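Number of protein chains: 2
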Amino acid sequence: MAKAPVLTPQADDFPRWYQDLISKAELADNGPVRGTMVIRPYGYGLWERMQQEMDARIKKAGASNAYFPMFIPQSYLTREAEHVEGFAPELAVVTHGGGKDLEEPVVVRPTSETIINEYFSKWVQSHRDLPLLINQWANVVRWELRPRVFLRTTEFLWQEGHTAHATYEEARDYAAMIHKDVYGDFMTNVLAVDTVLGRKTAKERFAGAINTLTLEGMMGDGKALQMGTSHELGQNFAKAFNTTYLKGEAEREYVWQTSWGSSTRMVGGLIMTHGDDNGLRVPPRLAAVQAVVLAIKGDDAVLAKVREIGAALEAAGVRVVVDDRTDTPFGRRAVDWELKGVPVRIEVGPRDLENGTAMLVRRIAGGKEPVAADSLAAVVPQLLEQDQALLLQQSRERRESRTVDVKSIDEAVEAAATGWGRISWADLGPEGEAKLGEHGVTVRCIVAEDGSVPETDDQPGNIAIVARAY
Amino acid sequence: MAKAPVLTPQADDFPRWYQDLISKAELADNGPVRGTMVIRPYGYGLWERMQQEMDARIKKAGASNAYFPMFIPQSYLTREAEHVEGFAPELAVVTHGGGKDLEEPVVVRPTSETIINEYFSKWVQSHRDLPLLINQWANVVRWELRPRVFLRTTEFLWQEGHTAHATYEEARDYAAMIHKDVYGDFMTNVLAVDTVLGRKTAKERFAGAINTLTLEGMMGDGKALQMGTSHELGQNFAKAFNTTYLKGEAEREYVWQTSWGSSTRMVGGLIMTHGDDNGLRVPPRLAAVQAVVLAIKGDDAVLAKVREIGAALEAAGVRVVVDDRTDTPFGRRAVDWELKGVPVRIEVGPRDLENGTAMLVRRIAGGKEPVAADSLAAVVPQLLEQDQALLLQQSRERRESRTVDVKSIDEAVEAAATGWGRISWADLGPEGEAKLGEHGVTVRCIVAEDGSVPETDDQPGNIAIVARAY
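Quick mapping for you: the protein sequence lines, in order, are chains A and B.
Position 327, counted from 1, in the first sequence is what the UniProt record's numbering calls 327; the numbers after and before it change by one each time, with no gaps.
Position 59, counted from 1, in the second sequence is what the UniProt record's numbering calls 59; the numbers after and before it change by one each time, with no gaps.
Hints were generated in silico from the structure; no laboratory data involved.
A portion of the hints provided could be inaccurate.
As the list claims (entries may be wrong) - If you anchor each label on the Cβ, the simulated ranges turn out as follows:
#1 B:D458 x A:F330: 50 to 56 angstroms
#2 B:D450 x A:R128: 54 to 60 angstroms
#3 A:E385 x B:E308: 33 to 39 angstroms
#4 A:V335 x B:R325: 56 to 62 angstroms
#5 A:R307 x B:E385: 32 to 38 angstroms
#6 A:Q386 x B:R325: 44 to 50 angstroms
#7 A:Q74 x B:G440: 35 to 41 angstroms
#8 A:R252 x B:G367: 41 to 47 angstroms
#9 B:S75 x A:D405: 53 to 59 angstroms
#10 A:E385 x B:T328: 57 to 63 angstroms
#11 A:Y168 x B:V379: 45 to 51 angstroms
#12 B:E385 x A:D327: 42 to 48 angstroms
#13 A:R128 x B:D405: 53 to 59 angstroms
Note that the coordinates shown come from a computational prediction; the quantities given were computed from them, not determined experimentally.
All residues carry an ideal CB built from backbone N, CA and C; glycine is no exception.
Okay, chain A solo, but in the shape it has when bound (with noise of 0.2 angstroms):
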């Protein structure tokens, strides 16, 4: 009889998979109030991994970490019409605080680019403060009708950086790099996914910007998920929040803006990319463990044989923990990890000790095989770069065998049924966009004919990707 399935196969209920896989592999729950979550200490520790990956590129492109208040007065969102517009349905409100009504209420922010323009416009004065590089880790809330942990929640963790720069050109460049060499860099060398960079449709673009770039990641599905975006805000809060610089002697110019973000919601494209049927398969480069050792048994001789592995692993720079809770079922523990996706599990048992060997059990490439206990110092860094590298090259593979040229709105439907369908934004245009609507598909992007990210919408040879999302 074959072993009832740990998870929901994927091929049975993807979203039934996704909830099983977070519940079993303790990621997260779901939180009292709809549509909020907890992220438990593993699910955690990924964004940990991300915020330290992340954060190192975004002071690298030479932003500084603050923090702006979440209570955001309520009219200084109705400052950017466009913006209030888009935000104003997914507002939560304090009305009521230390024991009193407010006498204005205030919002919590949705995010914070109404509230930092208020100091920008102080801090900015002449050239010389320019560009103004400002990023902030923080909490944002954004009422959710039909909320899915990581993906859509009320309360979500994220970073958004929020630039002003003198002229027009370095606002775009600034945007662009943030595009491609933090996120771009980020998402391709340590989340292993790849990602299509491109530029949003007018009807797609953030509230208040002119230009929003953005990443776009298929999932195990073949739907496609927004990994992060960046935006041109062109000088539309700079005019509502009066943000100027002198220029030459006495005329002031209104700033040239970007911002940037993106959020817990790359944990949900991490499981929905790498996972399989046995739990998430971490990237050996973001994975805080890359190798367990579990001690098979709990004689004192096997105890002190995964302490001397998991110490020379350590010293070999891999992040290790010795799993020796041999009060636990062994069985348990090692489907346990499995379902956590940690990319190397050794196991030593009194037997390997009797060989010198220790049992490898590799999650991401497969295979199970003894090897010599004294070479694993050696070996483990170089299957966790191959590891690395194949999560990369499959999640590139699904993207490139699941995404078809089609010519008419028909095809593109039926391509978004089981992956993303590409066809000429000449051709489609905002009405074959609309069209696309009525059948829950969108544009997620619009790319060069070279596959680059086009300047404008009208580009000859411009392609949109269209798809179901997350």
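Starting from the known structure of chain A, fit chain B onto it as the hints suggest.
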């Protein structure tokens, strides 16, 4: 004619000096909603370094980071009677979300004991699930009627630890370990803030705790600041949320809990402990910028030299910034770095080049002298260690010289005008504590005769430290 001071002198008006420093050193601004604050990049950099150092100590203490929603159903707070009584007057309440009135209002967390226990009660089943050691980095809201930047703000940033244990003794020991090995070690060895470790009186305890341990620092004006607290919660929240584990075969036992927190208030404590009339002084181990190398003029040779020195210091493990913004007057930049309290300043001009020297200015020990440029990489790390020790010594000397033994309420009130009083707790008691309160003086903590943390309030020889406090 003497130069006009950049800041209001401490001796003239300490609160005004504090506000001046925060503004001039660009640490923070007031937020638009009363009591909130904007933490500017240099101020946030101090907090980031605090986070890094604290986080490493918290992980060493075995706790894992996680994240719980900031929205808590109002009904949760009412389950623990003392807890709701303590926090009800300070709550911010969301009554409106996603365009609708909410059926049950939600509060923005003032602290997370309640929501965390809701989940602990699900996660803890057997003794194998204990101890459960969780930490969270988050924002919290407590509506403030008399706000002061960093010290008392409506929204602040903090870490809050929450643990569950099988026995009273384990919980007690864990709270004490956090108090001493996490908070105490951090204050002494990183912040260089001398603190007294003691226990709070029943009156000053956290709402819902059976014991609160505290660290109290003496500020530059002789007042006290609570720098962090670690609480034994007993089984109060466990009973309110039915958090139990299976003890033996069938018997269920309530868990024993701790919680402990430290916040952006520490930034205020840092300023008021180490700041002087010229600005902030940042302890080298905390400083994100330990040394700055300033080009006095924009000559190519000078610029080349400051970069060379910067590279040499970086190679020697010093966190260094090269200030080559020679379009801003040198004097203004020097004052700015002085205000920001960077421990070591190295100034290089054309004349220094000829002599092979650089001017070394020490912010903490004071003094300014030319040194051989090629000796800096060897010299600076040593000076930083000296400066670190000096700050701690000065903080300790202040506390010792401004603390006096007193025998009556009147003497205690007099002592609190300039520093701290020490009075027998057996003599003072809760009644004397109430009388002191009428004069705005509080018992900061109780310590044992030998200076250790007493196990009970009524241990013979216990001494109350009394002071005015922030």
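Here is what the structure says about each hint:
{"no.": "1", "hint": "B:D458 x A:F330: 50 to 56 angstroms", "verdict": "51 angstroms, holds"}
{"no.": "2", "hint": "B:D450 x A:R128: 54 to 60 angstroms", "verdict": "57 angstroms, holds"}
{"no.": "3", "hint": "A:E385 x B:E308: 33 to 39 angstroms", "verdict": "36 angstroms, holds"}
{"no.": "4", "hint": "A:V335 x B:R325: 56 to 62 angstroms", "verdict": "58 angstroms, holds"}
{"no.": "5", "hint": "A:R307 x B:E385: 32 to 38 angstroms", "verdict": "35 angstroms, holds"}
{"no.": "6", "hint": "A:Q386 x B:R325: 44 to 50 angstroms", "verdict": "47 angstroms, holds"}
{"no.": "7", "hint": "A:Q74 x B:G440: 35 to 41 angstroms", "verdict": "37 angstroms, holds"}
{"no.": "8", "hint": "A:R252 x B:G367: 41 to 47 angstroms", "verdict": "44 angstroms, holds"}
{"no.": "9", "hint": "B:S75 x A:D405: 53 to 59 angstroms", "verdict": "56 angstroms, holds"}
{"no.": "10", "hint": "A:E385 x B:T328: 57 to 63 angstroms", "verdict": "46 angstroms, violated"}
{"no.": "11", "hint": "A:Y168 x B:V379: 45 to 51 angstroms", "verdict": "47 angstroms, holds"}
{"no.": "12", "hint": "B:E385 x A:D327: 42 to 48 angstroms", "verdict": "46 angstroms, holds"}
{"no.": "13", "hint": "A:R128 x B:D405: 53 to 59 angstroms", "verdict": "55 angstroms, holds"}
Figure legend: structure checked against the earlier numbered hints; the only hint not met is number 10.
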